[in-house]
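Asks: Produce the complete structure using the sequences and hints provided.
Chains as they are written, first to last, in the working numbering: chain A, 1 to 271; chain B, 1001 to 1726.
Calculated directly from the structure, the hints in this document are not laboratory data. Computed from a prediction, not measured in an experiment: that's the story for all the values here. Check the hints yourself; a few may be wrong.
Said to hold, decoys possible - No more than 25 Å apart at the CA atoms, straight line, and that leaves these computed lysine-lysine pairs for BS3-like:
#1 Lys58(A) with Lys1610(B)
#2 Lys1723(B) with Lys1493(B)
#3 Lys1493(B) with Lys1387(B)
#4 Lys1573(B) with Lys264(A)
#5 Lys1179(B) with Lys1079(B)
#6 Lys1610(B) with Lys1079(B)
#7 Lys1119(B) with Lys1529(B)
#8 Lys58(A) with Lys1494(B)
#9 Lys58(A) with Lys1550(B)
#10 Lys1704(B) with Lys1610(B)
#11 Lys1723(B) with Lys1191(B)
#12 Lys1610(B) with Lys1199(B)
#13 Lys1723(B) with Lys1081(B)
#14 Lys1110(B) with Lys1079(B)
#15 Lys1723(B) with Lys58(A)
Claimed, not checked - Cβ-to-Cβ under 7 Å is the rule here; a few derived chain A residues that face chain B:
#16 Leu51
#17 Arg57
#18 Thr87
Yeah, the Cβ is synthetic: ideal placement off N, Cα and C, and Gly gets one too.
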Amino acid sequence: METINALLRTGFDALLGVMAPLPDWVELAVWALLVTLLILPIIKWTFNLDLAERFKRKVYAGLFEIRLFNDRLGATFRGLFDVLRFTAGYMGAWLLPLVVMTIPMLPVFAHLHFHYGYDGLRPGETTLLRAELAADRDTGKPDVELDAPAGVHVDTPALWIPAQREIIWRLTAETQGDYELALTIDGREYTKTLVVSDDATRRSPLRGASFLDQLIYPAEPPLPAGSPLAKITVDYPEKSSFLFVPTWCWILVALSLPFFLLLKGRFGVEV
Amino acid sequence: MQRHSRRVGLRHILCLALLAAVGLATPAAAYIGPGAGFALATSVGVIFFTIIVAVLAVLTWPFRMLWRLIRRPTRPKAKVKRLIFLGFDGQDPRLTDRWMAEGKLPHFEKLAELGCYHKLHSTYPSISPVAWSSFATGVQPAKHNIFDFLSRDTRTYLPLISSTTIESLRRRGATLLEKLRFGRYRLPVDKALIRSLRKAKPYWTILGEHYIWSTVLRVPITFPPDRFYGAQLGAMAIPDLLGTQGTFYLFTTRSSDDTFKEGGTRVPLDGGPDRFEASVVGPENSFVDGSPPMELPLVVRVDRPAGVAHIELDGQELALKPGALSDWVSLEFPAAPTVKVSALVRIEVTEMDEHVSIYMTPLNISPENPAMPISHPGYYANYLAKKVGPYSTLGLAEDTWALNEEVTSDATFLEQSYDIDRERERMFMASLDQLRKGSLVCVFDGTDRIQHMFWRYLEEGHPAGRGKENAEHKNAIEELYVHNDELLGRTMKKLKKGDLLFVISDHGFTSFRRGVNINAWLHANGYLKLKDGADGSNEWLVDVDWSATKAYSLGLAGMYLNIEGREAHGIVKSGAEARALKDELVARLSGVRDEERGEIGITEVFDTSKLYSGPYLGNAPDILFGFNSGYRVSWDCATGMISGPVFEDNTKAWSGDHCVDPRQVPGIMFCNYPIDDDDPALMDMAPTALGLFGIEPPAHMDGKSLFDKATEFDPQRGVETAKSTA
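Replies: The following block contains the structure:
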């Protein structure tokens, strides 16, 4: 996983580096095209077209039935029930492609989210740095030090919250730049990136040690095995969202639909 | 047990893993890909739209009911809840009797025991378009205007379809439209006006006027469809996309200058030895100047070692083994950007050795996107397709011509016919399930078509069956009747309280051993003259010298006098001269003998002015033939040829027929209730249907109700009928 993430980071950084001069929406359009090209073969191989087609036909039949027998309330409700039932069936036919496409999509979206999902810190703004202790470490207050590079000011001493096994610092970004914060705990040093910039660049809100953290937060290498820390987080402000979904996701959906409609025939995909 | 629980456990773990994968993909879970996003968006749209429509339907329902109550002319008291007509076109009473006596038709027998079984008088002539029109309207042909499959153009003596006219009309603003051009495309300036020539209201229209619902499935002569309170899928006279009554395609490497006499087109397959190309020529494209035909390229790759032909057509690839008929294949002819004309076809590789030949059915109008009005309401054809799957729409869907021309085999024809019957059964059963109150009629054509094509095996010594005594499908007709019996059983099982079931056929069947060329007889007897130098071998009467011809025959049912003022070159004066000529022809033709066989060829000839009365009598043939069993108008005569003998053997696969003296081919009538009439006729069905729903049949109807007004129906009879099949 570590190797895959390292490769993906390199790839994404390179691609985003090339697209850096472009406006964000053009970048997203390119991603929309790439995503479409990635998922079309998955749909082709996993989508049960016959089953979906059967459901679609039944949905249409239900709609026609409501229209044809509109003077019979019973028939209208039966038609309505059929439409709902077979629409659910149609959506169910998408379950397998959805699950399969989630596997490659997960790292892709995680990486995209680190680029487009967070607002960058601006000089003068404050944020919190949190270090959570590993579960197998004793509950006593650890001996910990934070070393911030020039350009980042540590506003508060370490605040220990025993109930959450967490140590918190408040930081203030002073100048733009990519920084590396160094935490020393039990005599060993662990780093965490901090980006002070407005540009669409990779921001890692969390550096963790578990497999799950590697899966969902692959923007930084994981904490080494046996680390006394479970994770280190920086609170970047999240960009806007709609219906609990980040706005960039909606834009990507909107941009990828035309690509999908345009290209589905070439991949022999019918939905 | 342990293995089972382990399997269940594994399944649970897998499910959880999948759910976790989906659930944990925080942003990715929201974004489910363009395909799934598209599906989600459309699904949500469909649900939203449906709920709106349903809510509107519910909210407006009281007002619509009130409006109906106000507009309803009467409040008829129905005696039955559902009236069901199950039609088997051409089911013959003699064969039914024979196989009932042998115990092969248990459901027919049961229905006869429960209710009744009678022979049913057909119409004069006893052919489907005429008979089913009388069934629907309750009147004789001179009142509904359908006398044969064909009528003639009195200006040109050329044949016309008797039931429908399709005219081309210029659209409003055609001059402006002509100027609008988009590259090579233009907007069509003409539109087709399709009109039914069948007159008189069918009973379902009258029921509809009283807001009694009817579903009418594939009753002949329903193109264009009637507009009434109910739903209708058209049948006989619906053309293919080429506008013909069914033109099949034969793509072949065999070179031949011959054209098919009946409904087919031969297309050369170019290339070889393993790859061939051809074009499927479709309908004319009115979006392009000169209306050239639309074409789809056809590529055939032959894999002889594997015994498979790969056919590429309209973006689809089919792998077909020789002799196997494909499922329905949907074709779309591109007319203009975003405009496509849809068709359905089935394909069979008929040979793949030295030569390669591929048969393709006529281009059926696609029910999901019909190019012509084939149903009422317009979306009903699409509804049925969505409900039961794709189906044939051509009026005469079973490809009798291809079998007659020996392009397809007996097996292919049977498969096609049974598949069509199965499609229809699915529609019929779905409609029966849906019907709460009202009438339902469905006609199954397979009975007619299979008897036409397989009679040669039923009758010893039939000229078309010689040397084929051990044919694989020699029991095809018996198997067909058993199939009908099973279908009847499935129908009876669905009957409920208050249901009345009629099983009817429009005529019976008999042999077609000998063809009679009436035109040759007229020529031999001086009533018809040929042009100088003509030998009468050309079709459609083109060899006839009209200035010296008194009578001619066209179509299957009768002949016309060449009346002055009616026909373009008429020479017989109407009135006394015409009457005298008619009497003379009736006298001479009645009892005409086939000397070669020592049999009577024509038992009686009928003067239609004595047989019919009604406003359309003037359109009827002047004389109808009452052929003896075994005789019929010959193939040459039907297409207006004069040459050849008067009597000749019929060696075509089309070996059974019913275009004989109607008294020899009555139909059948079964009902799950005894009728109050011992001599029912097909024409009685419409007034009977009206009477059963408490409506007085209109005075112009010639038929009579088969039930007395006082007859009380036991509503439990429907339930008993259903139980009797157990």
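Asks: Quickly compare the C-alpha distance for lysine 58(A) and lysine 1550(B) to 25 Å and report which way the hint goes.
Replies: 60 Å, violated
Asks: Compare the distance between the alpha carbons of lysine 1723(B) and lysine 1081(B) with 25 Å, and conclude whether the hinted pair is satisfied.
Replies: Judged against 25 Å, a Cα distance of about 18 Å means the pair holds.
Asks: Please verify whether lysine 1723(B) and lysine 58(A) have alpha carbons no more than 25 Å apart.
Replies: 31 Å, violated
Asks: Can the restraint linking lysine 1610(B) and lysine 1079(B) be considered satisfied, given a maximum Cα separation of 25 Å?
Replies: Answer violated: lysine 1610(B) to lysine 1079(B) is near 37 Å, above 25 Å.
Asks: So if I understand the rule, the pair passes when the alpha-carbon distance is 25 Å or less; does lysine 1610(B) with lysine 1199(B) pass?
Replies: 21 Å, holds
Asks: Does the alpha-carbon distance linking lysine 1723(B) and lysine 1493(B) stay inside the 25 Å limit?
Replies: 7 Å, holds
Asks: Under the criterion of a CB-CB separation shorter than 7 Å, is threonine 87(A) in contact with chain B as hinted?
Replies: Interface hint status for threonine 87(A): holds (5 Å vs cutoff 7 Å).
Asks: For a C-alpha distance cap of 25 Å, please report whether lysine 1119(B) and lysine 1529(B) respect it.
Replies: 42 Å, violated
Asks: Measure nothing beyond the straight line between the CA atoms of lysine 58(A) and lysine 1494(B); if it is 25 Å or shorter, mark the hint as holding.
Replies: Cα-Cα ~22 Å, so holds.
Asks: When you check the alpha-carbon spacing of lysine 1110(B) and lysine 1079(B), does it fall within 25 Å?
Replies: Satisfied, since the Cα-Cα distance of roughly 23 Å is no more than 25 Å.
Asks: Is the straight-line distance between the alpha-carbon of lysine 1573(B) and that of lysine 264(A) 25 Å or less?
Replies: 71 Å, violated
Asks: Between the alpha carbons of lysine 1493(B) and lysine 1387(B), is the straight-line distance 25 Å or under?
Replies: Given pair lysine 1493(B), lysine 1387(B) holds - Cα atoms ~21 Å apart, limit 25 Å.
Of the numbered hints given earlier, the model fails hints 1, 4, 5, 6, 7, 9, 11, 15, 16; all others are met.
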